[in-house]
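Novice: If you want the building blocks of each chain, they are given just below.
Number of protein chains: 6
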Amino acid sequence: MYLHTQQLINEIVVDEPDPAAANALQEGLGGQFGEMRTMMQYLFQSINFRGDASAQPYRDLLQGVGTEEISHVELIGTTISRLLDGSPRYNGKRTDPVDQPGAKGATPLKIALDTSNIHHYLVGAQGALPVDAAGNPWSGSYVYNSGNLVLDLLYNLMLESTGRLQKCRIYEMTDNKAARSTIAYLIVRDQAHENAFAKALESLGVNWGSVLPIPKTNAEQFPEVKKLLDQGLQSIQFTFSADDKSQADKLYRGASPSDDGTELSTAVMPEGFPLTISPERREEFSPGLDPELLALIQATAEAEIRSAEGE
Amino acid sequence: MYLHTQQLINEIVVDEPDPAAANALQEGLGGQFGEMRTMMQYLFQSINFRGDASAQPYRDLLQGVGTEEISHVELIGTTISRLLDGSPRYNGKRTDPVDQPGAKGATPLKIALDTSNIHHYLVGAQGALPVDAAGNPWSGSYVYNSGNLVLDLLYNLMLESTGRLQKCRIYEMTDNKAARSTIAYLIVRDQAHENAFAKALESLGVNWGSVLPIPKTNAEQFPEVKKLLDQGLQSIQFTFSADDKSQADKLYRGASPSDDGTELSTAVMPEGFPLTISPERREEFSPGLDPELLALIQATAEAEIRSAEGE
Amino acid sequence: MYLHTQQLINEIVVDEPDPAAANALQEGLGGQFGEMRTMMQYLFQSINFRGDASAQPYRDLLQGVGTEEISHVELIGTTISRLLDGSPRYNGKRTDPVDQPGAKGATPLKIALDTSNIHHYLVGAQGALPVDAAGNPWSGSYVYNSGNLVLDLLYNLMLESTGRLQKCRIYEMTDNKAARSTIAYLIVRDQAHENAFAKALESLGVNWGSVLPIPKTNAEQFPEVKKLLDQGLQSIQFTFSADDKSQADKLYRGASPSDDGTELSTAVMPEGFPLTISPERREEFSPGLDPELLALIQATAEAEIRSAEGE
Amino acid sequence: MYLHTQQLINEIVVDEPDPAAANALQEGLGGQFGEMRTMMQYLFQSINFRGDASAQPYRDLLQGVGTEEISHVELIGTTISRLLDGSPRYNGKRTDPVDQPGAKGATPLKIALDTSNIHHYLVGAQGALPVDAAGNPWSGSYVYNSGNLVLDLLYNLMLESTGRLQKCRIYEMTDNKAARSTIAYLIVRDQAHENAFAKALESLGVNWGSVLPIPKTNAEQFPEVKKLLDQGLQSIQFTFSADDKSQADKLYRGASPSDDGTELSTAVMPEGFPLTISPERREEFSPGLDPELLALIQATAEAEIRSAEGE
Amino acid sequence: MYLHTQQLINEIVVDEPDPAAANALQEGLGGQFGEMRTMMQYLFQSINFRGDASAQPYRDLLQGVGTEEISHVELIGTTISRLLDGSPRYNGKRTDPVDQPGAKGATPLKIALDTSNIHHYLVGAQGALPVDAAGNPWSGSYVYNSGNLVLDLLYNLMLESTGRLQKCRIYEMTDNKAARSTIAYLIVRDQAHENAFAKALESLGVNWGSVLPIPKTNAEQFPEVKKLLDQGLQSIQFTFSADDKSQADKLYRGASPSDDGTELSTAVMPEGFPLTISPERREEFSPGLDPELLALIQATAEAEIRSAEGE
Amino acid sequence: MYLHTQQLINEIVVDEPDPAAANALQEGLGGQFGEMRTMMQYLFQSINFRGDASAQPYRDLLQGVGTEEISHVELIGTTISRLLDGSPRYNGKRTDPVDQPGAKGATPLKIALDTSNIHHYLVGAQGALPVDAAGNPWSGSYVYNSGNLVLDLLYNLMLESTGRLQKCRIYEMTDNKAARSTIAYLIVRDQAHENAFAKALESLGVNWGSVLPIPKTNAEQFPEVKKLLDQGLQSIQFTFSADDKSQADKLYRGASPSDDGTELSTAVMPEGFPLTISPERREEFSPGLDPELLALIQATAEAEIRSAEGE
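Protein chains in written order, with the numbering used here: chain A, 16 to 326; chain B, 16 to 326; chain C, 16 to 326; chain D, 16 to 326; chain E, 16 to 326; chain F, 16 to 326.
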C-alpha cells in the first residue's frame with residue numbers, strides 16, 4: 016500500500032514560463048528512459064520478485080527506488096505544468112486578460128501553433144502530458160522485468176545511466192531556472208540510483224573499475240548539480256518505507272561505486288516542499304466553471320465550515 | 016511525495032495456479048480501463064489541477080483515489096503473479112522438478128504454447144505484465160486530463176463504471192478463488208470511486224436519478240461481492256494521506272449517489288495484509304543465481320547480521 | 016454529405032454462433048487490408064483529389080467505391096456481431112439462462128477464456144471491434160494517399176486484390192454459413208473494385224494481359240462465390256450517388272479487365288435487406304437496463320405515441 | 016447502406032493558405048476526440064446495438080449522429096486540404112511557377128521544413144491526413160462501445176463535450192477565415208450532439224442542472240459561433256435518413272438540456288454547398304500526369320461525349 | 016556495402032511442421048530482444064559511431080556482430096517458414112490435395128483458427144512475419160543507440176543476455192528438432208556476443224567476476240547446446256568482413272569473460288549450408304500462378320537458356 | 016549469409032551541417048516508404064519465397080534488391096549523421112569549444128529546442144534514428160509479403176515508385192549538397208528498382224504503356240539526378256551476390272520499361288567509397304570517455320601493436 020503527503024520531493028525555483036523547456040522535460044517524464052518508466056519498471060520488478068528470504072534486501076532496494084520514482088513523476092510533472100502555465104499571456108507580452116475572445120474574436124492561444132507540442136494547449140490545459148519530447152505516448156512495452164536478478168540489475172543500472180545522460184543533455188538545452196532546478200536534482204538522484212544497482216551487482220562479484228558514474232564527463236561542473244553533490248545527495252538512498260521494514264540498507268552501504276570517495280547511507284525520506292494549486296486559465300476553459308457553478312462549490316465549502324463548527 | 020508499506024490492500028485467497036484467469040485479470044491491470052490507467056489519470060489530474068482554494072477538495076479527492084490505485088496495481092499485479100506461479104508444474108501434474116532439461120532435453124515450459132499470452136513465460140518469468148488481456152501494451156494515450164473540471168469528473172465516473180463493468184464480466188469468466196477475491200474487492204472499490212465522482216458532480220448540481228451504480232445489474236448478488244457490500248466498503252473513501260491534509264471529506268459525505276441507502280464517509284487507509292516474496296523458478300532462470308552467486312548473497316546477509324550485532 | 020438507409024447491402028444467412036469465424040472476419044473489418052481501410056483510403060483520396068474537370072470521372076469512381084465500403088463495414092461488422100451473439104449459451108449447450116451468477120456465482124462467460132480474442136466478451140458485448148484478427152487496433156497509418164493519380168490507382172488495385180486474397184483464405188477457414196455469405200459477397204465485390212481501378216489504369220495505357228483478377232486461382236469454384244459471379248456482380252459498379260452526379264460510368268464501361276468476357280456497367284445502388292436489432296444479453300450487462308430504467312424508456316415510447324396521436 | 020451527394024454540409028469561407036491552421040484542424044479530423052473517432056464510435060455502437068423494439072429511438076439517434084459525422088470528416092478534411100493547397104507558392108510570395116526545379120535545382124517545397132507536419136507535403140500532396148495535430152495516426156483503440164447503454168451515452172456526452180472544448184481552443188489559435196468557418200460550425204454541431212446524448216440520459220432519469228453545455232464558458236460570444244447559435248443550429252438534429260425510418264425524433268424533442276431556452280427538433284438533412292476539385296500541383300507531382308497521359312484522359316472524356324451523343 | 020551468399024549460417028534439421036513452435040520462434044525474430052532488433056541496433060551503432068582512430072576496434076566489433084545478425088534473421092526466418100510450411104495438410108493428416116475447395120467448399124485452412132497467430136495463414140502464406148510471439152509488430156523504438164560507448168556496450172551485453180535467456184526458455188517449450196537446431200545455435204552465438212561486449216567493457220576496466228554468462232544456469236546441459244559448446248562456438252567471433260579490414264580481433268582475444276577456460280579468437284565467416292526454395296502452396300494462392308502465367312515464366316527461363324547458348 | 020565491406024555505396028558530398036535537411040531524410044530512412052522498409056520487405060519476401068526451380072530468377076531479383084537496400088540504409092543513415100554532426104556549434108557560429116558547461120552553466124545544445132526532432136540531440140548523439148520525418152518509429156506492420164507473386168511484385172513496384180516520389184519531394188525541400196548527393200542517387204536507384212519489378216511483371220504479360228517511371232514528371236531535369244541518368248545508373252541492377260549464383264539477370268535484361276530507350280543489364284556491385292568514423296562530440300557525452308578510459312583504450316591499441324610485432 017502507498018500513502019501520499021502534500022509535499023514535493025524538491026523545490027522548484029520560480030522563473031518565467033518556457034514552453035520549449037517544458038517540452039524538453041517531457042522526455043524526463045514520459046520518455047523511454049524517463050520517470051514514468053523507472054517507476055513502473057521497479058514497481059513491476061518488486062511485484063514479480065523471486066528468491067528466498069536472503070534476497071529480500073534486493074527486493075526492498077527495488078521497492079524503495081520505485082516509490083521514489085512516483086515522487087519524481089510528481090516533481091517533473093509539476094515542473095512542466097509550471098513552465099507551461101501562463102505562457103500564452105507571457106509570450107505575447109500582453110497586459111490585458113487573454114480570454115476576451117467573445118468581444119473581438121481574438122486568438123489568445125496563438126502561441127500553440129509555434130510550440131513544440133500543440134497538445135500542451137489543445138489536449139491538455141497548459142499541463143504535463145504522459146508523452147516524450149517528440150510527442151510519443153508512454154508505452155508499457157518500455158517496462159523490462161526478465162525475472163533474472165542479474166539481468167534486471169544490469170538493465171536498471173543502464174536505465175538510470177541513460178536517464179542521467181539525457182538529463183545532462185537537457186541541462187545543456189535550457190537555462191530556465193525552474194527547469195534546471197528539477198533537472199539538476201534528478202541528475203543527482205539518478206546517480207544515487209546508479210550507485211544502488213551498481214552496488215547490488217558488486218555484491219554479486221562485479222568490479223566496476225572506474226567506468227562509473229555514466230556519463231563519466233564532469234556533470235559535477237554544472238553549477239546547480241555541483242551544489243547538490245557537495246551535499247552528498249548522490250550517496251544517500253531513501254527507503255520511503257512507512258513501516259520501516261525495508262532491508263535496502265543491507266546493500267546500500269560502504270564505499271560508493273561512483274569512485275568519488277563517499278560512503279553510501281540510507282534514510283526514510285527527505286523533508287519536502289509544499290505543493291500548491293495552479294491558477295484558473297480561462298482561455299483553456301480550465302477549470303471552466305461559470306459563476307453559477309462556482310457558487311455551488313463555494314456553498315459546499317461553506318457548508319463544510321458550518322458542519323465543522325457544529326461538530 | 017509517496018510512502019510505501021509492506022502490506023497488500025486486500026488479502027488474496029489461496030487457490031491453484033490458473034494462467035487463463037491470470038490473463039483475464041491483465042485487462043484489470045494493463046487494460047484501457049484498468050488500474051494502471053486510473054492511477055496515471057488521477058495522478059496527472061492532481062498534478063495539473065487548476066482552481067482557487069475552494070477547489071481543493073476536488074483536487075484532494077482525485078489525489079486520494081489516485082493513490083489508492085497504486086495499491087490496486089500492486090494488488091492485481093500480485094494476484095496475476097500468484098495465478099501464474101508454478102503453473103507449468105501444476106498443469107502437467109508433474110511431481111519431479113521441472114528444471115532438469117539438461118539431463119533429457121525436456122520441455123518444462125511446454126504449457127506456454129497453449130496459454131493466452133506466451134509472454135507470461137517467455138518475456139516475464141511467470142509474472143504480471145503491463146499489457147491488457149489481448150496483449151496490447153499499456154499506452155499513455157489512454158490518460159484523459161482535459162483540465163476542465165466537469166469533463167474530468169464525468170470522464171472519471173465513466174472510467175470507474177467501465178472498469179467495474181469489465182470486472183463483473185471477468186467475474187463471470189472464472190471461479191478461481193484467488194482471482195475472484197481480488198476481482199470482487201475491485202468491483203466494490205470501483206463503486207466507491209463511482210460514488211466519489213458522482214458525488215462531486217452532484218455538488219455541481221447534477222441529479223443522477225436512479226442510473227447509478229453502473230452497471231446497474233445486480234452485481235451485489237455475486238457472493239464474494241455481496242459480502243463486501245454488506246460491510247459497506249462501497250461507501251467509504253480512503254484518503255491515503257500521510258499528513259492528513261486531505262479535504263476529500265468535504266465532498267465524500269452524505270447520501271450515496273448509488274441509491275442504496277448508505278451514507279458516505281472517509282478514513283485514512285485500511286488495515287492491510289502481509290506481502291510475501293515468490294519462490295525461485297529454475298525453469299525460468301529466475302532469479303537465476305547459481306551456488307556461487309547465492310553464496311555471495313548469503314555472505315552479504317551474514318555480514319549485515321554481524322554488523323548489526325557490532326553496532 | 017452522406018445519407019443512410021436502414022438496409023444491409025447483402026443478406027446474412029442464419030447459422031449458429033461461431034466466435035472463431037467471427038474473429039477471422041475481424042481481419043476483413045479492421046485489418047490492414049480490410050473494409051475500414053478501403054473506406055478511409057478512398058474517402059481521403061476523394062477529399063484530397065487534384066486535377067482539372069476532365070479528371071472528375073476518376074474522383075467520382077473513388078468516391079463511389081469509398082461510399083460502398085461504408086456499407087461493407089456495416090455488413091461485415093453486423094456479421095461478426097451475429098456470429099458472436101449468444102455464443103456463451105450456445106457453446107455450452109446450456110438450456111438455462113446464462114445470467115444467474117447471483118444465485119450461484121456461476122461463470123456464464125467462461126467461453127471467453129478459450130476464444131481468439133477475449134475482448135469480444137470483455138471489452139465489447141459480443142460485438143464487432145475495430146481490430147484485426149490478431150487483435151491489433153486499426154491504424155490511420157494504413158491509409159495511402161500519395162496524391163499521384165497513377166500511384167493511387169496502382170495501390171488501390173493492389174489493395175483490393177490483397178483484400179480479396181485474404182477473404183479467399185478466410186473462406187477456406189470456415190464453413191459457417193453466416194460467415195460465408197458475407198465473405199463470398201465481399202470476394203465478388205472486391206473483384207468489381209479490382210476491375211474499377213484496373214480499368215482506370217487501362218485508360219492511361221496499361222494492358223493487364225491475363226494477370227487479373229488477382230488472386231488468379233479459381234475462386235469462382237467456391238460455390239457461394241460462383242453463384243454471385245453467375246449473376247455478374249463482379250462487373251457492376253454502384254455509384255451510391257444520391258444526386259446522380261457521378262461520372263464514374265465514363266470509366267467503368269467496356270470489356271472487363273478480368274478477362275472473363277463480361278462487360279462493365281454501373282447502377283446507383285442494390286436493393287438491400289432489412290437491418291434488425293440484436294437482443295439483450297444480460298451476462299454482458301448489455302444494454303444493462305433494470306426494470307426501473309426500462310419503465311422510463313417505455314414511458315418515453317408511449318408518450319411519443321400519444322404525442323403522435325395528438326398531432 | 017449509405018449514399019453520397021456531391022454537397023458539403025457547410026460552406027468553407029475563402030481565405031489565404033495557412034499550414035499552421037491546417038495542422039491545428041488535424042486534431043478535429045484525426046485526433047482522439049475528432050470527427051473520425053465520433054464517426055467510427057457511433058457506427059460501431061449502431062452495428063452492435065442491443066435492446067428490444069422500445070430501444071430503437073436510441074439506436075436511430077446513434078445512427079443519425081454517426082452518419083452526420085461522415086459528412087463532418089468530409090468537411091474538415093476538405094478545409095485542411097484548402098488551407099494547405101498552394102501554401103508553398105503563397106508563403107514565398109513567388110509569382111513564377113513553383114515547379115521549375117529542373118532548370119535551376121530550385122526548392123519549391125522549402126516551406127515543408129518549417130511547418131508543423133512535414134508529411135503534409137512529403138507523404139500527402141498538400142492534403143489532409145488521418146492523424147492528429149501532433150502527428151499521431153488515428154487508432155481503432157479510440158473507439159468506445161461497451162454495449163451498456165447508459166455508459167455508451169455517458170461516454171458520448173463526454174466525447175462531444177471534449178470535441179467542442181478542443182475546437183473552442185483551436186478557435187482561439189487562428190483567425191484564418193476558412194479555418195474559423197468550419198470550426199465555428201463544428202462547435203455548434205457538437206453542442207447539438209451534446210444535447211442529443213444528454214437528452215437521451217434525461218429520458219433515463221438524469222437531471223443535468225446547469226452544467227451543460229460543456230465547456231460552460233461563453234462560446235456563444237465567439238462571433239462566428241454566435242451567428243449560428245442565433246439560427247438555432249445547436250438545437251436541431253438531422254437524421255440523414257434516406258428512407259425516413261429514423262425514430263430519433265422520439266428522443267430529440269422538448270426543452271434543450273443546454274438550458275438556453277430553445278426547443279429541440281429534427282430534420283432530414285441541411286441544404287448543402289457544392290463540392291469542387293482541387294487544382295493540379297506540379298511541385299507535388301500531383302496528379303502527376305504528363306502530356307501523353309493527359310491526352311489519354313482527354314480522349315476518354317471525348318469518347319464519352321461522342322458515346323452520349325450517339326445514344 | 017553488403018554482399019549476400021546463397022548459404023544459411025547453420026543447418027536446419029528436418030522435422031515435422033509445428034505452428035506452435037514456429038510462433039514461439041517469432042519472439043527470436045521480431046521480438047523486442049530478437050534478431051531484427053540486434054541487427055538494427057548494431058547497424059545504427061556502427062553508422063553513428065564516434066571516436067578517434069583508436070576506437071575503431073569497437074566500431075568494427077559492432078559492425079561484425081551486426082552483420083552476423085542479418086544472417087541470423089535469415090536463419091530464424093527460414094526456420095519459422097519451414098515449421099509452418101505444409102502444416103494445414105500435416106495436422107489434418109490429409110492425404111488428398113488441400114486445395115480442392117471449388118469442388119466441395121472445403122476448409123483446407125481450418126487449422127488457422129486454432130493456432131497462435133492466424134496471420135501466419137491469413138496475412139502471410141505459411142511464412143515468417145516481422146512480429147513477436149504475441150503478435151506485436153517490430154518497432155523502431157526498440158533500437159538503443161545513446162552514442163555513449165560505455166552505455167551502448169552495457170546495453171548490448173544486457174540485450175544479448177536477454178536474447179539468450181528467452182531462447183533458453185523457448186528451448187524448454189518445444190522439442191521439435193527443426194526449432195531446436197536453430198534455437199541451440201542461437202543460444203551459443205548469443206553467448207559469443209555476450210563475450211564480445213563483456214570483453215570490450217573489460218578493456219575499459221570492468222571485472223565481471225563470475226556473473227557471466229547470463230543466464231548463469233547450466234544451459235550447456237541442453238544436449239543440442241552442449242554439442243556446439245564442445246566445438247567452442249561460443250568463443251569465436253566472425254568478422255563477416257569482405258575486405259578483411261575489421262579490427263575486431265584487437266578486442267575479441269584472450270581469456271573468455273564467460274569464465275569457461277576458453278580463449279577468444281576470430282575468423283571471417285563459417286562455412287554455410289545451402290538455401291532452398293519452398294514449394295508452392297495452392298491453398299494460400301502462393302505463388303498463385305495459373306497455367307498461363309506459369310507458361311510465361313517457363314518461356315522466360317527457356318529464352319534465357321537459348322540466349323546463354325547463343326552467347 | 017551476408018558480408019560487409021568498409022565502403023559506402025555512393026559518395027556523400029561535403030557541405031555544412033543542416034538539421035532540417037537531416038530530418039527530411041529520415042523519411043527516406045525510417046519512413047513507411049523508406050530504405051529500412053524496402054530492405055526488410057525484400058528480405059522477408061526472399062526468405063518466404065515459394066515456387067519451383069523456374070521461379071528462382073524472381074527470388075534472386077528480390078534478394079539482390081534487398082541486399083542493396085541494406086547498403087542504402089547505411090548510406091542514408093550516414094548522410095543524416097553527417098548533416099547533424101557539429102550542428103550545435105555551426106549554427107551558433109561559435110568558435111570556442113561547445114562543451115564548457117561546467118564553467119558557466121552554458122547551453123551548448125540550445126539548438127535542439129528549435130529543430131524538427133529534438134531526439135536527434137537528446138536520445139541520439141547527433142546521429143540517425145529509426146524513425147520517419149514526423150518522428151514515428153519504424154514498424155514491422157509496414158512489411159508486405161502476401162506470398163502471391165503477382166501481388167508482391169505489384170506492391171514492390173508501387174513501393175519503389177512511392178519512395179522515388181517522396182525523394183523527389185525532399186529534393187525540392189533542400190539544396191544542401193550532402194543531402195542532395197544521397198537523394199539524387201536514391202532517386203535513380205529507385206527507378207532501377209521500379210524497372211526490376213515492372214520487368215518481372217512484363218514477363219507475366221503486363222504491358223506498362225507509357226506510365227513508367229512514376230512519378231512521370233521530369234525528375235531527370237534535377238541537375239544531380241540528370242548526371243546519374245546520363246551514366247545509365249537507372250538501368251543497371253547489382254546482384255550483390257558473393258558467390259555469383261544470382262539468376263536475376265534472366266529477368267533484368269532487354270528494353271527498359273521506363274520507356275527511355277535504354278537496355279537493362281546487371282553487375283555484381285559498384286566500386287564504393289571509403290567509410291570514415293565521426294569525431295567525438297563532448298556536449299553529447301559521446302563517446303563519453305574520460306582521460307582514464309581513453310588511456311585504457313590506448314593501452315589496448317598499443318598492446319595490439321606489440322602483439323602484432325611479436326608475431
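Because the hints were derived from the structure by calculation, they are not lab data. Because the structure is a prediction, the values reported are computed rather than measured. Errors might be hidden in some of the hints.
[As the list claims (entries may be wrong)] Calculated pairs, DSSO-like style, for lysine-lysine (alpha carbon to alpha carbon, straight line, at most 27 angstroms):
1. D:Lys125 to F:Lys242
2. D:Lys125 to F:Lys260
3. E:Lys192 to E:Lys125
4. A:Lys125 to D:Lys242
Novice: Assess, step by step, whether the Cα of Lys192 (chain E) is no farther than 27 angstroms from the Cα of Lys125 (chain E), and give holds or violated.
Specialist: Given that 27 angstroms is the threshold and the Cα spacing comes to 25 angstroms, the pair holds.
Novice: Given the hinted pair Lys125 (chain D) and Lys242 (chain F), is their alpha-carbon gap at most 27 angstroms?
Specialist: holds, 23 angstroms
Novice: Would the pair Lys125 (chain D) and Lys260 (chain F) pass a check requiring their Cα atoms to be no farther apart than 27 angstroms?
Specialist: violated, 45 angstroms
Novice: Quickly compare the C-alpha distance for Lys125 (chain A) and Lys242 (chain D) to 27 angstroms and report which way the hint goes.
Specialist: holds, 23 angstroms
This entry does not satisfy hint 2, going by the numbered hints stated previously; all others are met.
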